[in-house]
Every structure is written in C-alpha cells, then in structure tokens.
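A.B. asks: According to our numbering, the residues represented by the sequence shown are 1 to 279, in order.
Rather than coming from a laboratory, the hints here were simulated on the basis of the structure.
It is possible that part of the hints are untrue.
To be verified - The list that follows gives simulated cross-link-like pairs (lysine to aspartate or glutamate, EDC-like), each with its CA atoms no further than 20 Å apart: (1) Lys211 <-> Asp186; (2) Lys73 <-> Glu150; (3) Lys211 <-> Asp96.
What the hints assert, rightly or not - The calculated label-pair distances, taken between Cβ atoms and stated as ranges, are: (4) Arg228 <-> Arg26: 14 to 20 Å; (5) Ala98 <-> Lys249: 21 to 27 Å; (6) Val48 <-> Met79: 21 to 27 Å.
Every value quoted in this text rests on a predicted model; they were computed, and no experiment measured them.
Positions of the beta carbon are idealized from the N, C-alpha and C atoms, including for glycine.
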Amino acid sequence: MTGLTTTTKIRWSIRYVAFLLRIGTRHPSVLWHFLACNLRYILVKLGVLPSAARHVAEVRAAFEEHAAQGQFKERWFDMSDVIVIQWCAVFSGIFDRAAPVSILEIGSWEGRSSLFLLTYFTRGRLTAVDTWAGIDYYLYNATPDGRDLEARFDGNLAPCATRLIKRKGSSLHVLPQLLDEQQEFDLIYVDGSHFADDVLMDGITAWRLLKQGGVMIFDDFLWPCYPRARANPWWAIDQFLTYHAGEYKVLAAYDQIILQKKTRFTDRVTADLTAVQWQ
1 MTGLTTTTKI RWSIRYVAFL LRIGTRHPSV LWHFLACNLR YILVKLGVLP SAARHVAEVR
61 AAFEEHAAQG QFKERWFDMS DVIVIQWCAV FSGIFDRAAP VSILEIGSWE GRSSLFLLTY
121 FTRGRLTAVD TWAGIDYYLY NATPDGRDLE ARFDGNLAPC ATRLIKRKGS SLHVLPQLLD
181 EQQEFDLIYV DGSHFADDVL MDGITAWRLL KQGGVMIFDD FLWPCYPRAR ANPWWAIDQF
241 LTYHAGEYKV LAAYDQIILQ KKTRFTDRVT ADLTAVQWQ
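Assemble the whole structure, with the sequences as input and the hints as a guide.
C.D. replies: Next up, the structure:
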C-alpha cells in the first residue's frame with residue numbers, strides 16, 4: 001500500500017480482516033489454511049523447516065538470476081517472500097519441476113510472475129493473457145507510464161520466449177476462445193481485473209479450462225480497494241467456492257487462495273431420472 005496515508009492503511013487493514021472473517025465463516029477451510037500458511041511462512045523464514053527453506057532458496061536464486069536480465073519497474077509479485085514460499089510449498093507437493101506443465105496466466109503485466117513460473121517449471125509452457133494496456137486500480141503505487149508495458153514484458157521474458165504464448169486481449173474474450181480451442185491447463189493463475197464481476201467470470205471460465213488434479217490460484221483475494229464491499233475480489237471468490245463446492249481442495253490461503261480441482265464433470269442432458277442428482 002505504498003503512497004497511502006497511515007489512516008487509509010489502517011482502514012484497509014480493517015477491511016482486509018473483515019473480508020477474511022466473512023469468507024472464513026462461510027468456508028472454514030479457508031480460515032484454517034490462512035493460519036497454517038502464515039505459520040509455515042514464519043517457520044521457513046526462521047529455518048525451522050530446513051528442507052523447505054533450501055528449496056525456496058534454490059528456486060529464488062534461479063529466478064533472481066533471470067530477473068536481473070530484465071527491466072522490471074514493479075515488484076508486486078515478490079516484494080516479500082510470502083508468495084514464493086507458498087508457491088514452492090504447493091508446487092513441490094503437486095508437480096514435478098521438470099514436467100512439461102501447461103500454465104495459463106490471466107494478467108501478466110511486466111511478466112515477473114510469468115518469469116517465476118517458467119523458471120520454476122523448467123520445461124513448462126505458459127500462455128499469457130493480457131491487454132498490456134495498463135490498469136487503473138493500482139495507480140496509487142504503479143509506474144504511471146505504461147506505454148512500453150508490452151515491450152517490457154517481451155524483454156523480460158526473452159530468456160523463456162520459446163516456452164511462451166501471448167494471447168493479447170481481455171480475458172473476457174480470450175478465455176472463451178481457449179475453451180473453443182479445447183485447450184486445458186495444469187496450472188492457472190487468475191490475476192486480471194480485480195473487479196468482482198470480472199474475477200467471477202474469469203474464475204468460472206478458467207475452472208473449465210483446468211485439468212482434473214490441476215491447481216488454480218486467485219490473486220489478491222482480500223484486496224480491499226473498491227469502496228463497495230461487493231465489488232472486491234473476495235466476494236467473487238466466495239461465490240465461486242460456493243458454486244463449485246465439493247469440486248476442489250483448498251491448498252493454501254494468504255494474500256492468494258490456491259485450489260486443487262478434485263473432480264471433473266462431463267454433464268450431458270438426460271431423460272433417465274435415475275441418474276438425476278438433487279444438488
């Protein structure tokens with residue numbers, strides 16, 4: 001929350017906690033994982049979990065080596081180690097780093113998180129969806145000049161260009177195209193528009209693109225910056241969790257929420273009433 005007054009930071013922190021409690025009341029596993037993830041972060045930072053700490057250090061070193069060749073103006077993704085630590089914990093338990101993991105990133109900005117994902121998964125392939133036109137809701141701490149945003153993305157991802165596919169456009173248009181193309185992904189990172197309606201649409205469509213057993217990450221799930229509570233991401237994610245109840249396992253919750261797709265349905269119209277489910 002760089003550039004904000006102390007009073008505003010306090011108010012936002014209060015909203016952050018309020019949103020967490022509201023979604024945690026409806027989905028207790030989210031609250032439990034929020035506490036567990038914060039404990040894991042502390043233990044890794046203190047060196048109490050040496051194996052996890054070594055894994056994070058190894059991945060971080062490789063990432064920083066690649067990032068040093070780029071021209072990044074923002075470090076939202078890794079301004080602290082919290083995302084790196086949680087991603088390393090989740091990814092190492094689900095995927096093989098050397099596997100050809102298929103990744104979809106909705107909202108790529110300068111490509112810092114894209115670069116991390118392609119560094120972590122050494123044979124992974126990433127499809128980046130973005131307009132590269134900039135955004136208005138981070139103006140309080142974002143670099144104001146976004147005219148060269150796409151050029152910076154291209155330059156920053158140059159070391160991984162052979163494993164990168166760009167789909168330029170709004171996710172509201174591109175994701176249905178990916179569905180029509182019958183594409184599927186092992187890992188999806190939802191970090192596009194933070195307006196709740198858009199988050200919900202991205203999440204619902206992305207879930208259909210996710211393979212069974214795959215992982216989906218919602219970014220900034222407690223982001224509090226729209227005055228109207230229902231306009232913020234938490235509301236959309238709460239609706240998503242309710243709509244897809246029973247289909248996912250919560251893997252982590254902190255500034256992000258990470259889900260694994262447990263089941264996949266191939267719903268077809270039927271006249272056989274014996275096959276009808278009431279929920």
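A.B. asks: Each hint should be assessed against the structure and marked as holding or not.
C.D. replies: Going through the hints against the structure:
Distance restraint check for Lys211 and Asp186: the Cα-Cα separation of roughly 6 Å lies within the 20 Å cut-off, and the hinted pair is therefore satisfied. Only pairs whose Cα atoms come within 20 Å are accepted, and Lys73 paired with Glu150 is accepted, the gap being roughly 13 Å. Proposed proximity of Lys211 and Asp96 is supported: the alpha carbons are some 16 Å apart, at most 20 Å. At about 19 Å, the beta-carbon gap between Arg228 and Arg26 stays in the expected band of 14 to 20 Å.
Judged by the Cβ atoms, the range 21 to 27 Å given for Ala98 and Lys249 holds: they are separated by roughly 24 Å. The hint said 21 to 27 Å for the Cβ distance between Val48 and Met79, and at roughly 23 Å that hint holds.
Against the hints set out earlier in the document, no violation occurs for any number.
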